[in-house]
Amino acid sequence: MSTASLPAAASPILAVSRLCAWYGRAQILFDIDLTLARGEVVALMGRNGAGKSTTLKAIMGLLDRVQGSIRLEGADIRGKPAWHIARAGLGYVPEDRRIFTELTVMENLAVGRQARRSDAPLWTVDKVFELFPNLGRMRNRRGGEMSGGEQQMLTVARTLMGNPRVILLDEPSEGVAPLIVEQMAAMILDLKHEGLSVLLSEQNPAFAGAVSDRACILEKGQVQFDGSMRSLIDSPEIGRAFLGL
Amino acid sequence: MTGQATHSTLSRTVLLSVRGLAKSFGGVQAVRGVDFEVGAGELLALIGPNGAGKSTCFNMINGQIRPDQGSIRLGNPDHSKELVGLTPRKVWRLGVGRTFQIAAVFGSMSVIENVQMALLSHARELHEFWRPARAQHRAQALELLDAVGLADQATLPVATLAYGQVKAVELAVALANQPRLLLMDEPTAGMAPAERVALMALTRRLVTERGTSVLFTEHSMDVVFAFADRVVVLARGEVIAQGSVTAVRQDPRVREAYFGSGRLT
Amino acid sequence: MTLASLLVQLLGGLAGASTLFLTSAGLSLIFGVTRVVNFAHGSLFMVGVYTAWTAGQWLRPILPGSAGGFWLAVLLSTVVVAALGALLEVLILRRIYRAPELFQLLATFAVALVLRDGCLWLWGPEDLLGPRVPGLTGAIPVLGMPFPRYDAALIAIGPLVLGLLHLVLTRTRFGILVRAATQDREMVSALGVAESRLFTSVFAIGAGLAGLAGALQLPREPANLGLDLPAISDAFVVVVVGGLGSLPGAFLAALLISLVKAACIALGTVELGGFSFAFPRLTLVAEFLVMAIVLVMRPYGLMGRAAAAPRSLATTLPAENAAGAPGRWPWGLLVVGLILLPWLAAGSPYTTVVLVDVFCFSLFAMSLFFIMGPGGMHSFGHAAYFGLGAYGAAIVLKASGWPMLWALLLGPLGGFAGALIFGWFSVRLSGVYLAMLTLAFSQIVWSIIYQWDDLTGGSNGLTGLWPAPWLSAQVPGATANAAYYLLTLICVAIAVLVLRRVLDAPFGLALRAGRDSPQRAESIGINVHAVQWAAFCVAGTAAGLAGVLYAFSKGSISPDLVHVGRSIDGLVMVLLGGVEALAGPLIGAAAFTLLQDTAGRSFDYWRAATGVVMLLIVLVFPQGLAGLFRMRRRPSTT
Ligand SMILES: Nc1ncnc2c1ncn2[C@@H]1O[C@H](COP(=O)(O)OP(=O)(O)OP(=O)(O)O)[C@@H](O)[C@H]1O
Ligand SMILES: Nc1ncnc2c1ncn2[C@@H]1O[C@H](COP(=O)(O)OP(=O)(O)OP(=O)(O)O)[C@@H](O)[C@H]1O
Ligand SMILES: [Mg+2]
Ligand SMILES: [Mg+2]
Chain A
1 MSTASLPAAA
11 SPILAVSRLC
21 AWYGRAQILF
31 DIDLTLARGE
41 VVALMGRNGA
51 GKSTTLKAIM
61 GLLDRVQGSI
71 RLEGADIRGK
81 PAWHIARAGL
91 GYVPEDRRIF
101 TELTVMENLA
111 VGRQARRSDA
121 PLWTVDKVFE
131 LFPNLGRMRN
141 RRGGEMSGGE
151 QQMLTVARTL
161 MGNPRVILLD
171 EPSEGVAPLI
181 VEQMAAMILD
191 LKHEGLSVLL
201 SEQNPAFAGA
211 VSDRACILEK
221 GQVQFDGSMR
231 SLIDSPEIGR
241 AFLGL
Chain B
1 MTGQATHSTL
11 SRTVLLSVRG
21 LAKSFGGVQA
31 VRGVDFEVGA
41 GELLALIGPN
51 GAGKSTCFNM
61 INGQIRPDQG
71 SIRLGNPDHS
81 KELVGLTPRK
91 VWRLGVGRTF
101 QIAAVFGSMS
111 VIENVQMALL
121 SHARELHEFW
131 RPARAQHRAQ
141 ALELLDAVGL
151 ADQATLPVAT
161 LAYGQVKAVE
171 LAVALANQPR
181 LLLMDEPTAG
191 MAPAERVALM
201 ALTRRLVTER
211 GTSVLFTEHS
221 MDVVFAFADR
231 VVVLARGEVI
241 AQGSVTAVRQ
251 DPRVREAYFG
261 SGRLT
Chain C
1 MTLASLLVQL
11 LGGLAGASTL
21 FLTSAGLSLI
31 FGVTRVVNFA
41 HGSLFMVGVY
51 TAWTAGQWLR
61 PILPGSAGGF
71 WLAVLLSTVV
81 VAALGALLEV
91 LILRRIYRAP
101 ELFQLLATFA
111 VALVLRDGCL
121 WLWGPEDLLG
131 PRVPGLTGAI
141 PVLGMPFPRY
151 DAALIAIGPL
161 VLGLLHLVLT
171 RTRFGILVRA
181 ATQDREMVSA
191 LGVAESRLFT
201 SVFAIGAGLA
211 GLAGALQLPR
221 EPANLGLDLP
231 AISDAFVVVV
241 VGGLGSLPGA
251 FLAALLISLV
261 KAACIALGTV
271 ELGGFSFAFP
281 RLTLVAEFLV
291 MAIVLVMRPY
301 GLMGRAAAAP
311 RSLATTLPAE
321 NAAGAPGRWP
331 WGLLVVGLIL
341 LPWLAAGSPY
351 TTVVLVDVFC
361 FSLFAMSLFF
371 IMGPGGMHSF
381 GHAAYFGLGA
391 YGAAIVLKAS
401 GWPMLWALLL
411 GPLGGFAGAL
421 IFGWFSVRLS
431 GVYLAMLTLA
441 FSQIVWSIIY
451 QWDDLTGGSN
461 GLTGLWPAPW
471 LSAQVPGATA
481 NAAYYLLTLI
491 CVAIAVLVLR
501 RVLDAPFGLA
511 LRAGRDSPQR
521 AESIGINVHA
531 VQWAAFCVAG
541 TAAGLAGVLY
551 AFSKGSISPD
561 LVHVGRSIDG
571 LVMVLLGGVE
581 ALAGPLIGAA
591 AFTLLQDTAG
601 RSFDYWRAAT
611 GVVMLLIVLV
621 FPQGLAGLFR
631 MRRRPSTT
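Chains as they are written, first to last, in the working numbering: chain A, 1 to 245; chain B, 1 to 265; chain C, 1 to 638.
Just so you know, these hints were derived from the structure itself, not from any lab.
Do not take every clue at face value.
[Unchecked claim] Label-pair distances were calculated between CB atoms; the ranges are:
1. Arg137(A) with Leu167(C): 50 to 58 Å
2. Phe279(C) with Ala123(B): 52 to 60 Å
3. Ser69(A) with Leu91(C): 53 to 61 Å
4. Ser348(C) with Asp64(A): 45 to 53 Å
5. Leu94(B) with Arg137(A): 52 to 60 Å
6. Asp64(A) with Thr598(C): 58 to 66 Å
7. Arg134(B) with Leu87(C): 30 to 38 Å
[Stated by the list, open to error] From chain C, some residues computed to sit far from chain A (all C-beta separations above 10 Å):
8. Ile176
9. Leu177
10. Ala180
11. Met187
12. Val188
13. Leu191
14. Gly192
15. Val193
16. Ala194
17. Asn224
18. Gly245
19. Ser276
20. Tyr350
21. Lys398
22. Gly458
All figures in this text were calculated on a predicted structure; none of them were measured in a lab.
All residues carry an ideal CB built from backbone N, CA and C; glycine is no exception.
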């Protein structure tokens, strides 16, 4: 893909700079800088509690107290309500499977549906079921009656229905069978080929390595490494220091 | 105890024996006629695709859901006890601890209070109305937290921990009553690679030290292959294969239903 | 009684069921999506009745004698009340969605107070008679008995609205969003749905339904200021009996309750085996009896389902034992100061009189907090234990003639006994279901006390409950009631200390464990129900003691002690103080009692004044008054 080889700085679709975030009085993120180019997949890595999920939530407008700047295609979205950010083309898949347990699979997808944006790929229910055949077989099952992994697939599917331009994926491979993890990886590559950008929080190095162009390693709420996936793989001492590989 | 039985994994002392277990939810047959055994001191992995019925099996063993059919017996075959029909509380008192797929802890308490709570319950001191709880079983709680690597976070509110750490708290809580059998539903999901290995190494140490058996589910094949003594594979509510790690790994049906190429996990 | 008259009564019941269903459906929608227990819903219903009356007055000269005028007035008042609902959401509730759970209850309670006085101001205290509906006057003969035509029309409206709402909720995107937001509104918002607009529209629709119900009720019942409380309590009952979130359930429940009430009236006094039983007496509690029976048999209502607990918006759970209360020294100083007060305030004798009230209610609020905060069980009927304590002591004193000290010691056992029985049932439920079952029990207690003339003195209550002579004696240099004041202070201080201590003990920890994660608690061997039951008993006893102390301070008691109003007062005190800190209930009780006392003595519109002050507190200190202290004490912890 030509887009993937563009230098990230050319025209980042998402640019985060000096991002700080708090839970109550505790500061969790300290001056995070991050960019995401169109069609790029960036893996946000780091130990438990490093602040990966917090970074994604801060970008999505789900935290009360955030400082710094977050630009989506040049427009500042910091401080905007979450729904506004979602409509601007940011999709969010949370880590704790927040599906609507009382709604059926089809209804869950309906909640995620948004008007089409010209510059993002169009997702239909059929296209989503092609990606997750399991879900296609249980269209009318209530979310609460699905297994953990099935719910995980549904969260991703639901977000895709919003035709996002950028997806924030929080540990999509967690709790999913190896076969499906492979499908997820293939899906992320598909999305990338369609021009979507993905910011992925991921602890599984094999998965992150297989799908991402760049890696950004967090430690205690600060960026410790930001570079191509290849350079990370080539320098095992970084992995040892920050990821405990 | 493991010394007497060396020639075959199945001839070692059985701790848990599951026979003909079945459960359906409305029209969905989640589990249909599952049989397997957990040996004393064994780490048994229950694996299978999403929706295979693993968590449902756990919930039936733990007393959270009542099976439609089948029996679950705990203890060696001579004097074993039927678990079907018991409440989770009773099952726990018989020495079965568990962790949940989505970690469940006491969100308003500090890390150490979570563990103290379990210790208090184990000592049957729940209906103590006077002595402050803070001071009780503290040393023991700290020891457990140390074992799971959370000694430094002991006084933090558990709600402020990252998910991976919450899982470790849950493990410490589950260990508080020195269980004979530990049920762990995806123990390492959401944890960093190093912590995964640490957690499972810890679990393994327990097995050898105290003769605790572990029944766990896991989608991370690294963990399964490195730590399980034996593997049972479920698919669509049925056992499709079981045996040693190497045997299961090479089984073509398991490959097709579950592993795929196995490159990514 | 003939078959025909029974039938007509029952048909009348069906007509009542329609308006009841409409009100309840609105309440259920609002609660479902916003998680706001909208206490002002009954007031919105009342506003609907009044607006329909005014609109009718305006339209009569323009459209004389035509049915169109009436229906236009109905439509108008629906729209007006819907707009009022939207306004409330935007101006008040929107600001406090992130506040601790149930905090919105306080805000809507304040709104209810304001709306009630608003109606008084706009329409005056007199009952206003509704119009006859042109085209629907007169009666249809049913088996030879007349049945009002208008009631027949009403019977059709309920199912019509039910069908319409059902279609909207299941077939439209709006409906799906409403149901999704019911569970996790943050996630709905992260998926690109403008939740604020969704909430406002749901509030408007819910309020509109209440307004519609009110307008339709006008021809059957004159507009008056007493409509709000019964409307809200009936609607709660219906929603809960039907099963939260289930509109068909609410419809069924409305039918069931209306029919049971109608049947009670129709049956009259029945002689059975020498016993005569007056069924009409039962109408006072019919709905609560139905609710208690339904909930005991089906813990999630007729058509409700055990739903996953909705995600709470509060980011962290309260940690009660964290530094929430000021340390030992301030408390010690406060108690010493209060002990000296009768001498210091000898010039203004009223001070110690009010403070006795404050002490009693502090203990009452503290006991409610005990099960509500750490226990997570929101009791809406806590006055039952207060009243049982008071009546227990009064009966010991009157019936046995034992000395007052015995009454003081035995009275609280009345609260204990009530908690022992009601708690056993209540802990099997959770959330709003539990709240409503406790409410039902307290109403049942109320109606027994109200009707058992021989033992409780019925509606007149019992008088002549004075403390022992040595407690009424004048203490030199102090206020008149100094001795009793000191007794109350000591009893309350000790009881509060004991409650605190219990919360810090393993039992208190286990109680919180059961609230935080019942699943986890059960799987480490905690018998959650047993722990909660015991907590109920402790709280009941403490509330009983508060009731006893209160009774002797007043010298007389009446069924008002057990009335819903008192339970709500208790809730307001706890919430006002903030559920997150142990000092909360004490501060809340003091603030509320003093506020009511001052406003009540100096104002005609004291309800509105109290409401406005409460709203200000809610909007300015969303952590409750105790949160204010905590902010001061821990300026920064990072
Ligand atoms: N609701 C909360 N309130 C207070 N602190 C929190 C909250 N959620 C997370 N934290 C804290 O923020 C820090 C970062 O958490 P975060 O969830 O972002 O980590 P993470 O990198 O996603 O970890 P994991 O891989 O375990 O998901 C942690 O130290 C955690 O203790
Ligand atoms: N309460 C329920 N009602 C209806 N169906 C259910 C319920 N619980 C589980 N199921 C269904 O039963 C099947 C087995 O679920 P279970 O949770 O046991 O799967 P699992 O093997 O643990 O999967 P995973 O690895 O994804 O967690 C699934 O298809 C699920 O949809
Ligand atoms: Mg995370
Ligand atoms: Mg599972």
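Consistency of the hints with the structure:
As the Cβ distance of Arg137(A) to Leu167(C) is approximately 28 Å, the hint placing it in 50 to 58 Å is violated. Checked against the given bound of 52 to 60 Å, the beta carbons of Phe279(C) and Ala123(B), roughly 54 Å apart, stay inside it. Separated by about 32 Å at the C-beta atoms, Ser69(A) and Leu91(C) break the suggested range of 53 to 61 Å. Our hint of 45 to 53 Å for Ser348(C) and Asp64(A) holds, since their Cβ atoms are close to 46 Å apart.
For the pair Leu94(B) and Arg137(A), the beta carbons lie near 38 Å from each other, so the given range of 52 to 60 Å is not met. A beta carbon spacing of about 36 Å between Asp64(A) and Thr598(C) contradicts the range 58 to 66 Å that was offered as a hint. In this structure, Arg134(B) and Leu87(C) break the distance hint of 30 to 38 Å, their C-beta atoms being roughly 48 Å apart. With a least CB separation of 5 Å from chain A, Ile176(C) falls inside the 10 Å interface cut-off, contrary to its annotation.
At roughly 6 Å, the least C-beta separation between Leu177(C) and chain A is not larger than 10 Å, which violates its mark as non-interface. Non-interface call for Ala180(C) relative to chain A: violated, since the shortest CB-CB distance, roughly 5 Å, does not exceed 10 Å. Non-interface status of Met187(C) relative to chain A is broken: a Cβ of that chain comes within 10 Å, the nearest being about 4 Å off. Consistency note on Val188(C): stated as away from chain A, yet its beta-carbon is not over 10 Å from all of that chain's, at 6 Å minimum.
Against the 10 Å criterion, Leu191(C) falls within the reach of chain A, whose nearest CB is about 5 Å from its own CB. A beta-carbon of chain A is positioned within 10 Å of the beta-carbon of Gly192(C); the least distance is around 3 Å. Some Cβ of chain A comes within 10 Å of the Cβ of Val193(C); the nearest lies about 6 Å off, and the non-interface call is violated. Its closest Cβ contact with chain A, about 5 Å, brings Ala194(C) to no more than 10 Å, contrary to its assignment away from the interface.
Residue placement check: Asn224(C) keeps its beta carbon more than 10 Å from all beta carbons of chain A (closest about 40 Å). With a closest Cβ-Cβ approach of about 8 Å to chain A, Gly245(C) is found to fall inside the 10 Å limit, against its non-interface label. Once the 10 Å rule is applied to beta carbons, Ser276(C) is consistent with being away from chain A; the minimum gap is 49 Å. Residue-level check passed: Tyr350(C) sits 43 Å from the nearest beta carbon of chain A, beyond 10 Å.
In this structure Lys398(C) is separated from chain A by more than 10 Å, as the shortest Cβ-Cβ distance comes to about 54 Å. Taking the minimum C-beta to C-beta distance to chain A, about 47 Å, the non-interface status of Gly458(C) holds against the 10 Å cut.
Checked against the numbered hints above, the structure breaks hints 1, 3, 5, 6, 7, 8, 9, 10, 11, 12, 13, 14, 15, 16, 18 and satisfies the rest.
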